[in-house]
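Go ahead and model the full structure; you've got the sequences and the hints to work with.
If you read the sequences in order, they're chains A and B.
If you're matching positions, the first sequence starts at 1 in my numbering and goes up one per residue.
If you're matching positions, the second sequence starts at 1001 in my numbering and goes up one per residue.
Just so you know, these hints were derived from the structure itself, not from any lab.
Here are the computed lysine-lysine pairs in the DSSO-like style, where the Cα-Cα straight-line distance is at most 27 angstroms:
| id | chain 1 | residue 1 | chain 2 | residue 2 |
| --- | --- | --- | --- | --- |
| 1 | A | K32 | A | K42 |
| 2 | B | K1224 | B | K1153 |
| 3 | A | K153 | A | K32 |
| 4 | A | K195 | B | K1072 |
| 5 | A | K232 | A | K33 |
| 6 | A | K188 | B | K1033 |
| 7 | B | K1153 | A | K188 |
| 8 | A | K168 | A | K195 |
| 9 | A | K238 | A | K49 |
| 10 | A | K49 | A | K33 |
| 11 | B | K1224 | B | K1258 |
| 12 | B | K1033 | A | K195 |
| 13 | A | K238 | A | K42 |
| 14 | A | K42 | A | K232 |
| 15 | B | K1224 | B | K1148 |
| 16 | A | K188 | B | K1181 |
| 17 | B | K1258 | B | K1237 |
| 18 | B | K1072 | A | K310 |
Chain A regions said to be covered by chain B (calculated; three or more residues, Cβ under 8 angstroms):
| id | region |
| --- | --- |
| 19 | 334-345 |
| 20 | 355-364 |
| 21 | 390-402 |
For every residue, glycine included, the Cβ atom is placed at its ideal position computed from N, Cα and C.
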Amino acid sequence: MSHETYLLSRIERGDSHTLAGYEAQGGYAAFKKILSEGTPPKDVTEVVKESGLRGRGGAGFPTGLKWSFMPDQERDSRTRYMAVNADESEPGTCKDRVLMERDPHGLLEGCLIAAWAMSLHGVYIYVRGEYRLSYRRLDEAIQEARAAGLIGKNIQGTDFSCEIHMHKGAGAYICGEETGLMESLEGKRGHPRPKPPFPAGFGLWGQPTTVNNVESIFNVPFILERGADWFKAMGSEKSSGNFLCCISGHVEKPGVYEVALGTPASTILNEYAGGVWHGHNLRAWIPGGSSTGFLRPEVIDTPMDHDSLKEVGSMFGTGSMIILDQTASVVHSALVLMDFYEHESCGQCSQCREGTQWLAQVFQRIHDGQGRMEDIDLLSDISNGMAPGKTICALADAAAIPTHSVIRNFRDELVEYVQAGGHTAVSKKRALPMETV
Amino acid sequence: MSDLTKQTPADPSTIERVEITVNGQTVQARTDKPLIQACIQAGVEVPHYCYHPGLTPEGSCRICQVEVQQGKMPARVMVACRTPVMPGMVVNTETEGAHDARRECLEFLLKNHPLDCPICDKAGECTLQDYSFTEGQGEGRSVEPRRKLEKRKDLGDVILLDQERCILCTRCVRFMDEVPKTPQLCVAGRGSHSTIETWNDTPLSGNYQGNLADVCPVGALTLKSFRFKARVWNLTKTASSCGECSRGCATTVEVLRKGEVTRIRPRHDEDVNGWWMCDTGRFALDAFSLADRLVGTLLPSASRGWDATSVENGLQIASDMLTTGDKPLLIASPWLTQEEGGELLALGQTISARVAFVSTASNDLADDVLHTGDPGPNRRGLSDLGLEALTAEEILHTASEHSTVLCIGERVARLLGKGEAEGFNSLPPSARVLLFDCELPDAPTEGNSPIDIAIGLPSSVERVGHWVNIDGLRRNILQARPAPAGVWNTLRLLKYLHELLTNREVQS
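Below, the structure is given as structure tokens:
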């Protein structure tokens, strides 16, 4: 349990969200150093690349590599943007919120370094609409930083200029998808765009754009300050650094914990979150947000990193664990998730629009006792028709993966529901409480 | 030319082409168009809903899945409408993987689609029906209740929306945004609750609403005027051109069994109208279903009304009239084809007549999409032939200087003005007026009529020929239905009359 922490190292101070509190803890040093030394932008990207930092938003794409996709400034003189994805809406995930509320300047410093590395003209932070405090704290932080000459024109008296803007989401999950986010920022419906073209070539308003998660950007000043080797030393072989693990559901101490990548899920559950509540047994767990599917208790020792979770047929996702105890019903939980995806599908692609609704309807029937044995195969076929890679964005995949996981890992429960005749008949088991998903 | 037809560069040499393989066939595919266009070019049909060659590709219906093998990468199934053409691509539309992907997609599309086909106007030309048939996706496995939405949503005077049938391909939304550039439709709601709507239920406006029924791949957007009028497989379709303005949009004239023109739709013509036409042309069906059609030859009766006689007899009388008195005046309608115009000119030379056509006044329908505002379809052609352009007023003014006036062509009487005080009535009673038209003129009152002989003509859906449009392009018209019995083809009639006149000239 003892390991080096840095992500949450500053938030204990009461004034951690102010410029004074941030600078008192060494804030903006990394950015100022780059600025004063005039570090070549390519070198900054190289350090991030070297560190092995992988995106914390769900896909786990190497951040430095993503930055290097931005076209060369000398050959492409278009305006360049970064959009910071703070539309944290994956069920079970609440890590970025902590950072934005308690340490907003850390994010801003990361944005400024990224702006330097990619010669950006502007940064947009797309904040989830419900995150009112995050929005306010970031807004105040931007004002403070601007007053201190850290944001705006000719920062710290140099030639370097960068604007940071904020944008509030309006409550759509799909606007957390990078191209949906860009459409929304442009003032359109949050309909994801087909790729290609990729954002680095044709992003916001048709200009080169990179989209990064809050936590990914938040890691950058630490990497620049302490070096790529320091970062690589933490975590597992192919997933370096620490991550913020939001653990929720039937645990004694739900919350956001800073954990090294590669820590076994059982360690996080038992040592950080105090174990399954009331001494109950574990029934199922979700490793990285609702889209990563339900796993059996047998694999709870799996290390929490991108490759290990792939091996057990899941994904690292946002690294947000949801724990279900013995009293929970996986079928009911899956129904709750499918209702969510039906509600949040943007409706562009046929498979996703109709498929998310269909999955929810079939789960509802099984739950209500009108399930048929062939429905289990039907669920599998519907999911296969939706994913992988059959639609414009990954929302269809996000609905198909949990469905597949229920069929693969909890087929017995599905059969039980069909044979016994639904939820009430199966047991008086309590369903997964709504607030945890 | 309107800018929508300029989707392709004017200079064909600037189009870049690369070699790809489609179903084993080598194709020189354009790189500025998506892969689906290369497949269509190769004569391979790829099912598609959201893709329309005249609109920006969207890539949302996901039906156009084909297998593509590129470089050393293994073959992958991908949507053809959003895949750029790359050199050396090997495309196969008929692999099992591609068929499976399309079948899967169809099952989703059909999940909430009502089984309305027996009462749907689109049935027979619905691509959802067609592709379900070709892909073999006849049965769905869904036992869930189908989505209930508005079945008859009024979108204005032209279009009715059935939201249940809609598959949300958004072609209609993009059409309104991109072609007439009057954004009026949108997708409202999200996911499976999405519907096509207008802002605050405002009725649609503009002269291009009819195209929405054409772009809709299913029976969601239907023409109010065509609802429950015909089953489309009973329509006989003829390629022709629109005569409602000097653009001459390529059309398909669709005639029902009894011979009524039930629908006119645009036909793709890259150089003239793209895929579209205006509502003025589309709904100009009245001209082809005249209640009082002029058939055979009519002469004012001594007592009242008309006396009928044969066309041969009528032309004999007409030739008498044209060869007595001084220089006759021949007036053509701008609906006359080049062939007919040429014959009229030749005839005029034989009898040394003055030959002119009615130069119509521009109306206020002109826009920067298609409509030129000039209602005469062959103004340019007749003018090029050497016919004099005279306005209706000028014609009536000069007509009094001629003892005989022959007015020939569709709508010519209307163009010169009908009614008591104007038109032929304004001519001196001594003037002999010969009217060759489609529409029956006003009946003579007590033997008095400004018209001395009237002979029936076929309308523009009943004859063959060509017009020359405002840009000097040839616009063919084809016979979509036979002319009524007793109506001669205009060209035959002119040739017969010309022969009579030539013989007379020889005799005298």
